[in-house]
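Participant: Given the coordinates of chain A, assemble chain B onto it according to the supplied hints.
Protein chains: 2
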Amino acid sequence: MKIYEMKMAPNPRRVRMFMAEKGILEQADFVELDLQKGENLTAEFKARNPMKKVPVLELDDGNCISETMAICRYFEETHPETPLLGRNALEKAQVEQWLRWIEFYFFLPTGMCFQHTSGYFKDRMTPVPEWGEQCRVAAQKFFHFLNQHLQGRDYIVGDQLSAADINALTTIDFNKVNKLAIEPEQTHLKAWYDRISQRPSAKV
Amino acid sequence: MKIYEMKMAPNPRRVRMFMAEKGILEQADFVELDLQKGENLTAEFKARNPMKKVPVLELDDGNCISETMAICRYFEETHPETPLLGRNALEKAQVEQWLRWIEFYFFLPTGMCFQHTSGYFKDRMTPVPEWGEQCRVAAQKFFHFLNQHLQGRDYIVGDQLSAADINALTTIDFNKVNKLAIEPEQTHLKAWYDRISQRPSAKV
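Residue numbers (the working numbering), protein chains in the order written: chain A, 1 to 204; chain B, 1 to 204.
In case anyone wonders, no lab produced these hints; they're calculated from the structure.
Bear in mind that the values here come from a model prediction, so they are computed numbers and not experimental data.
Treat each hint with caution, since some may be false.
[Stated by the list, open to error] Here are the computed lysine-lysine pairs in the DSBU-like style, where the Cα-Cα straight-line distance is at most 35 Å:
| # | chain 1 | residue 1 | chain 2 | residue 2 |
| --- | --- | --- | --- | --- |
| 1 | B | K2 | A | K141 |
| 2 | B | K22 | A | K179 |
| 3 | A | K141 | B | K53 |
| 4 | B | K37 | A | K53 |
| 5 | A | K179 | B | K53 |
| 6 | A | K141 | B | K179 |
| 7 | B | K122 | A | K7 |
| 8 | A | K53 | B | K2 |
| 9 | B | K122 | A | K179 |
| 10 | B | K52 | A | K46 |
| 11 | B | K190 | A | K52 |
| 12 | B | K122 | A | K176 |
| 13 | A | K52 | B | K46 |
| 14 | A | K179 | A | K2 |
| 15 | A | K176 | B | K176 |
| 16 | B | K37 | A | K22 |
| 17 | A | K52 | B | K2 |
| 18 | B | K2 | A | K176 |
| 19 | A | K176 | B | K53 |
| 20 | B | K52 | A | K52 |
| 21 | A | K141 | B | K176 |
| 22 | A | K46 | B | K176 |
| 23 | B | K141 | A | K37 |
| 24 | A | K122 | B | K122 |
| 25 | B | K22 | A | K22 |
| 26 | B | K2 | A | K122 |
| 27 | B | K141 | A | K46 |
| 28 | A | K37 | A | K2 |
| 29 | B | K37 | A | K141 |
| 30 | A | K141 | B | K190 |
| 31 | A | K190 | B | K52 |
| 32 | A | K190 | B | K53 |
| 33 | B | K141 | A | K176 |
| 34 | A | K179 | B | K141 |
| 35 | B | K22 | A | K122 |
With the rest of the complex left out, here is chain A (with noise of 0.2 Å):
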C-alpha cells in the first residue's frame, strides 16, 4: 500500500505516529508530495482524494481512503492489537469525544490560524485575518484546557496512549506556525509534552 502525504505537514506525521505506535510503518510506500508547488491539485491526484488534501491511503487493489482518521480507523480495524481508538465501549467514545474537541476547538483552529493571518496559501483562498485571529485565541484557550484536564493524569483518555495523545501532541508543535507554544505554567501539560514528545513514533 501506498500513502501520498507531504512530512513535514501535520496531518500525514498523525497518520505516521499513529503506525508507528502500532508497529506497522513499514507496511506501507511514503510517496511525498509538494502542497506548495500544488502537486496536490493534478487530476491525478483529485481522482484519488477529491479533496485535494494529503495524507491518502492507496490499498494495494486500488481503493483510496481520505481523511487522517479515516486511515487511522481502518489501521485499528486491521491490526487491533495496540488499541488506539478505545479498549471497550465506553472508552471508545471517550477517545472519540477527545478527538474531536482536538479537532474542533484546537486542530481546525490552528489551521485556520495559520491559513488565514500567514498568507501561506492566499494564491487558493482569500484569507480573514480578523477570523484568523480569532482561531488564535480559540487555540490558546486549549492549550489551557487541556493543562487543566492533564493534572494528576499520564494520559489524556485512561491509563494509556490513544489517538487523542496523539492528535493534540501533533497539534501542539503545528502551532509554532502561529507562535504558540505551551506558557511556563502549563506545567501539567508540559510534563505530559515531555513524556509523549519522548517516545520513538513523535520522531517518525
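Facilitator: Quick look at chain B alone, frame taken from chain A:
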C-alpha cells in the same frame, strides 16, 4: 440514561436519527435545554460538558459523553446490530472518510455561515460576516459534490444506510437557516434526499 439536547438543533437530531435506526430511541430519557436562554451555560451543565454544547449522553453510572459522533460510537459498540458506521475495515474507513468530509466541508461551514451571518449567538461571539459568506459558498459547493457522488447510488457509502446519510440529510435540512436548499438540477441529490427523508427515523 439521559440525553441532554435541544430538539430543534441539528446535532441532537443526528443522534436521535442514529438511535431510531438502531431501534433504541426509547432507551434514553431526553432532557430539553433552551440554548437561547443559556441553559447550557450553567455550572451544572458545564460539569457534564466543559464545551457547553448539546447533545450530552449521561450514563446511569454518571459518566457523560459529549460530541454527537462519540455518542453514536457508544451506541454502535453497545448495539452493533444494524451497523451504521460500517461492516468491515474498508467500509468503516469509507464511512469515517465521508463523516469527516460531511463534517469539515458541509456541517461546519453550514453552522459557521449561520453563526457569522445571522447574529443568532452575537451575545456570546463576535461574528465575522466575510468569513460567514465564505462558509456559505463552501456549503453550496458540497450540495453540488454530493449530487455528483449520488448519481447511480442509493446510499452515500456502499449498499445500505450509514451515519453518512444521516449526517448529510440533517445538514441539508439545517441549511434552511442559511436559505440554502437542493437546486432543481441536483436531481441525484433530490432523489436520495426524498428517499432518506421518508424513513421514520427522519421524523424523530
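Participant: Which of the numbered hints above does this structure break?
Facilitator: Those not satisfied are hints 2, 4, 7, 8, 10, 13, 15, 16, 17, 18, 26, 30, 35.
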